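Colleague: Listed here are the chains, written in short residue letters.
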Amino acid sequence: MELVGRIFALAVAAIFVQNFVLSRFLGLCPYIGVSKKLDSAIGMGMAVVFVMTMASTITWMIQYFLLKPLHIEFLQTIAFILTIASLVQLVEMVIQKTAPALYKSLGVFLPLITTNCAVLGVSILNINEQLTFFGAILNGLFGGLGFTLVLILMAGIRERLEKADIPQAMRGMPIAMIVAGSMAMAFLGFSGMSL
Amino acid sequence: MTVIIYSVVTLGVLALIYGLGLAFASKKFYVETDPKIEEIQEALPGANCGACGYAGCASYAEAIVKNNEEINKCAPGGADTTAVISKIMGVEASTSERKVALIHCQSGGKNNTFFRYEYQGVATCQAAVLVANGPNLCDWGCLYQNDCLRACPFDAISLDENGMRIIDTEKCTGCGACVKACPRNLIELVPVSRRVHVMCSSHDKGAISRKVCGNSTACIACTLCVKKCPVNAIEMNNNVAVIDYTKCINCGQCADVCPTGAIVDPLKEVRARKKAEAKAKAEAAKKAMEAKKAAEAKQ
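As they're listed, the protein sequences go chains A and B. Following the working numbering, the numbering of the first sequence begins with 1 at its first residue and continues without gaps. Following the working numbering, the numbering of the second sequence begins with 1001 at its first residue and continues without gaps.
Keep in mind the hints are simulated off the structure, nothing from the lab. Hints are supplied without guarantee of correctness; some may be wrong.
Some chain B residues near chain A, calculated using beta-carbon distances under 8 Å [what the hints assert, rightly or not]: (1) Leu1011; (2) Tyr1018; (3) Leu1022; (4) Ala1025; (5) Ser1026; (6) Val1031; (7) Cys1222.
Please read all numbers here as calculations on a predicted model, not as lab measurements. Heads up, the beta-carbon is just placed ideally off N, CA and C, and yes, glycines get one too.
Using the sequences plus the hints, can you model the full thing?
Modeller: So this is what it looks like as structure tokens:
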């Protein structure tokens, strides 16, 4: 029971309280760029969940089995980036071969994620917060889910804004920025939760 | 010192492992794609206009290679693109003549039809046509809200100084976006070499269409052109003359007899000039002959 409680706390923290986009402000580029349509937002979200979980797993192992024993933790950033980039490439190839349907829906977004700072962010935060191996995996998974949630919410709002009667000068990007700000303020409300 | 060595070796080994891993994976998980698809995609214009009936240039390229789709469906690319694709695929295509859009109505701008009310709603044809069948008295003519102009992905439609829509036949690719956009179905794709057109779509009886057309260039279905046409290319279809472009020879005789000017012939001047030149030439030749004869008589 203790374990379930801790996992739940981790999930709430990663999805709402410490949401990657709206409270850590990581991965803002796809948040604005890929949130115009609900379909592509879901595709991007799923890809990010997948890659963040994988990246958390591998980078945790790199940190604790390679960098730490050799006392070269300062290479963290470059080693992680190298790992994430190769990982995304590998995942792309495997998916293209084994699941063409999934590749078609995720395809365009996978290479984009290579340079998504949320993925590097979750890897480094896992180390900084000294999470355990499974803690790191779950943090990656829930962080990705939080990202997906926000991306889908944003896409839903922006799809409705398309048809709304907005002053000419505010259409498109300006109103998207205002919506993003309002959503960040709403998510700020979660920071009062103590877990 | 050891730190430097460790750093270099670690990163080097990591990079090597990743590189080899990716190289191995790219062989192991290699997906065979036909290189022709990519070549054809390069040859296509990349406008993704959908004139071929596919979602975009990429899916059309795939359909050509995989499903033996016809290779002459790309309207923006035209004959040039078809030639390139036929080289890649090794098949001959029946090259069709380039088609351009034509608006079958001469009203617009200062030469409007008469109005039954003043329209002040949303400035699109689609919206205007919904209010009591449009503001203009002619039930068939142009609504002046320029849906076609906005629909054109190639900026081929513009307004002249009188507010008339003119189509740049050089820029027009025949993609048909304006044809779909016009709620009055005034726009047709016609072969670019055919220049004589009936510029009216009114199915009203002659008396009515003459009354409502502010431009007074309506087709009144008098059938003079039908009788005059030397190749029987014109037919009366429900009170409006329709030219069969497969038969038309650009002679312009129909435009000459048309009493209202509903049939336009931009080649008229060219033809008149050619005729005058031919006449002048014949006269000059005649004069030269006479002069020669006179000279011979003198001797």
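Colleague: Does each hint fit the structure? Answer for all of them.
Modeller: Hint check results:
Below 8 Å, beta-carbon pairs count as interface contacts, and B:Leu1011 has one with chain A at about 7 Å; its hint therefore holds. Using the Cβ-Cβ criterion of 8 Å, the hint placing B:Tyr1018 at the interface with chain A is satisfied: the shortest such distance is roughly 4 Å. This hint holds: B:Leu1022 has a C-beta 6 Å from the nearest C-beta of chain A, less than the 8 Å allowed. The interface hint given for B:Ala1025 holds, since its Cβ lies 5 Å from the closest Cβ of chain A, which is under the 8 Å cut-off.
Because the closest C-beta pair between B:Ser1026 and chain A is about 6 Å apart, less than 8 Å, the hint holds. Interface hint status for B:Val1031: upheld, as the beta-carbon distance to the closest one in chain A is roughly 5 Å, under 8 Å. Interface hint at B:Cys1222: violated, since its Cβ lies 49 Å from the closest Cβ of chain A, which is beyond the 8 Å cut-off.
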